[in-house]
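K.L.:
Here are the chains, one letter per residue:
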Amino acid sequence: MNDVLLAMDKVDYSYDEGGFALSGLSLEICKGQRIAVLGNNGAGKSTFFLLCNGILKPDKGALFYGGKTIDPRKKQDLLRLRQLVGIIFQDADHQIIGSTVESEVSFGPMNLKLPAEKVAQRVDQALQAMGLAEYRHRPPHYLSGGEKKRVTIADILAMEPEVLLFDEPTAFLDPAGVRTLESLLAELYRQERALLVSTHDIDFAWRWAQRILVFHAGRLVADNTPEQIFADGPLLEQAGLRRPYLYDFTLSLQAHCGWPPDIWPKTTAEIEAYYKNKAGL
Amino acid sequence: MIISCLFSLAFYCLFYGKLPSPLLFSGAVLLLAGSLLFRHKNGHKHGGFLSIDVQVQKSRLKSWHPGIKACFAVASALICIAADSITLSLFVIGSMMLFTIYGGKTPAHYYFALLTAPLTFIILGVVAILFEISPAPLGLLDIAIGGSYLSVTYRSQQAALSLICRAFGAVSCLYLLSLSTPMHQIIGFLRKIKAPALIVELMYLIYRYIFLLLATQQQMARAAEARLGYRDWRISLRTMASSSLNLLFLSFRRSSDCFTAMEARCYDGEIAFLERKNGLRKTEVLAAAAYLLLLLGFWYGARRLQG
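Quick mapping for you: the protein sequence lines, in order, are chains A and B. Position 258 (the first sequence) corresponds to 1425 in our numbering; numbering is contiguous. Position 62 (the second sequence) corresponds to 172 in our numbering; numbering is contiguous.
Among these hints, one or two may not hold up.
[As the list claims (entries may be wrong)] DSS-like mimics (lysine-lysine), calculated; alpha carbons at most 30 Å apart, straight line: (1) LYS215(B) - LYS128(B); (2) LYS128(B) - LYS1285(A); (3) LYS1280(A) - LYS392(B); (4) LYS387(B) - LYS1285(A); (5) LYS304(B) - LYS1285(A).
Rather than coming from a laboratory, the hints here were simulated on the basis of the structure. This structure is a prediction, so every number in the text was calculated from the model and none was measured.
Work the whole structure out from these sequences, hints included.
P.N.:
In structure tokens:
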């Protein structure tokens, strides 16, 4: 019933002979999913993203998009994959190459060889969606960190991908930037794209994700709902993760304040609403 | 300090015998004092060309069509050089200054501070032309060295004066362009007039990455400074060597990261950006044409008077 977009089957990848960066990776990414990718540094998250977009080519295993096999050695397949799966890189300065916001955002659609009017239209839409319309003629080096992040998202949106991969998007953002980012993610979710966010922010993952992938030492060690993942103590221990604060808090509510065992609140507002309702307010 | 003395010395030699000596002497002293004071007040600022980039963003002439500005500046500079007339050059210098400071609202002190850089080169070059070596004292001002003389003649004064004015005129034309036109517009214009793709792409990349390189260098210098890395000359030298090496390695790594990010957006060996068509505005074309015609008329008139 789910529309599978990107799928991998037993994919292996190593940067050099011997040591595996990723091995035995199998998974499916479906339309409209919100997926958090967790794991400590060097666990293979970035390698996974680069494989999804065809920058790295699997040593072994198969890659599918929309049910069709993708051969990363064929140029046509590769271009299709890169258009449909977009990466927003961690450091915006690595991604931005244009000398104005507008030319920067046009880089992707221009590479798709679209006619100029079409490019202009997509650039306008992407800038509008990211609230960057009045910045269009500014050089990127005069933008703040949060604004640069929005530019890099607009970059990818202008290519109209179905799967968006965010590589640690909150790393260089201040709290206001993180808030903006979360509302942008919510907006993208409404457009039924598949969103993957790699992050070290456990509380964000709990709040936002429907599904969590945990990487450890080059393997996908867990692929489950947040509730299942954070209930698995040995897994958290192994992957060097911790439980979200709200999860711990819910555990104490269950123990002392009669919180039902099958409801896992994602925000404090849900808890407040529950008790107000119970008190008949 | 040395430059200010040179200015004053060059002024003295240039106008020796043309101005009455009390006026000449007080002029030279005033120039020395003035230029020292100006340098003292405006200080020595690093990253000069970065500040140009900031100023350009604020220029009121920014919205003018880049093609018109480029043609206008280059044509004016060419006329100024070809006409070889001091009056015409002075007119160009003055009008370009007015355009930049009043038209573009570039702060005057900033404009003059920026002019000192080419001015220094011009003055240095002129000193070499001003003095001729001759076996006998035949100039207006002669300095005996061994058996021969370093002399300033009327002819060399004229030649130096006209060279200063022409060079300065051409520089002020180019300053009008570079203080009113953002880099990306200039590069876009070069692309439009079919400059080689390699040069245009390189210019885009250099313009983008020079800021990143400088930011990285600044961060490393600060971190070294915080650990007393510049406490004396020997240590400074060592710090500089290792931070340059580090900068090179970082640049390599960064360039591979950037290339990955470009590939992720379907980069295919050719860098292309969207260029919107912006039409020429009639008033801009007319204003530029009127000024150029005025210059040409001036030139023609001056030649008629001479001939």
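K.L.:
State for each hint whether it applies.
P.N.:
Taking the hints in turn, this is what the structure says about them:
| no. | hint | in the structure |
| --- | --- | --- |
| 1 | LYS215(B) - LYS128(B) | 36 Å, violated |
| 2 | LYS128(B) - LYS1285(A) | 67 Å, violated |
| 3 | LYS1280(A) - LYS392(B) | 34 Å, violated |
| 4 | LYS387(B) - LYS1285(A) | 14 Å, holds |
| 5 | LYS304(B) - LYS1285(A) | 24 Å, holds |
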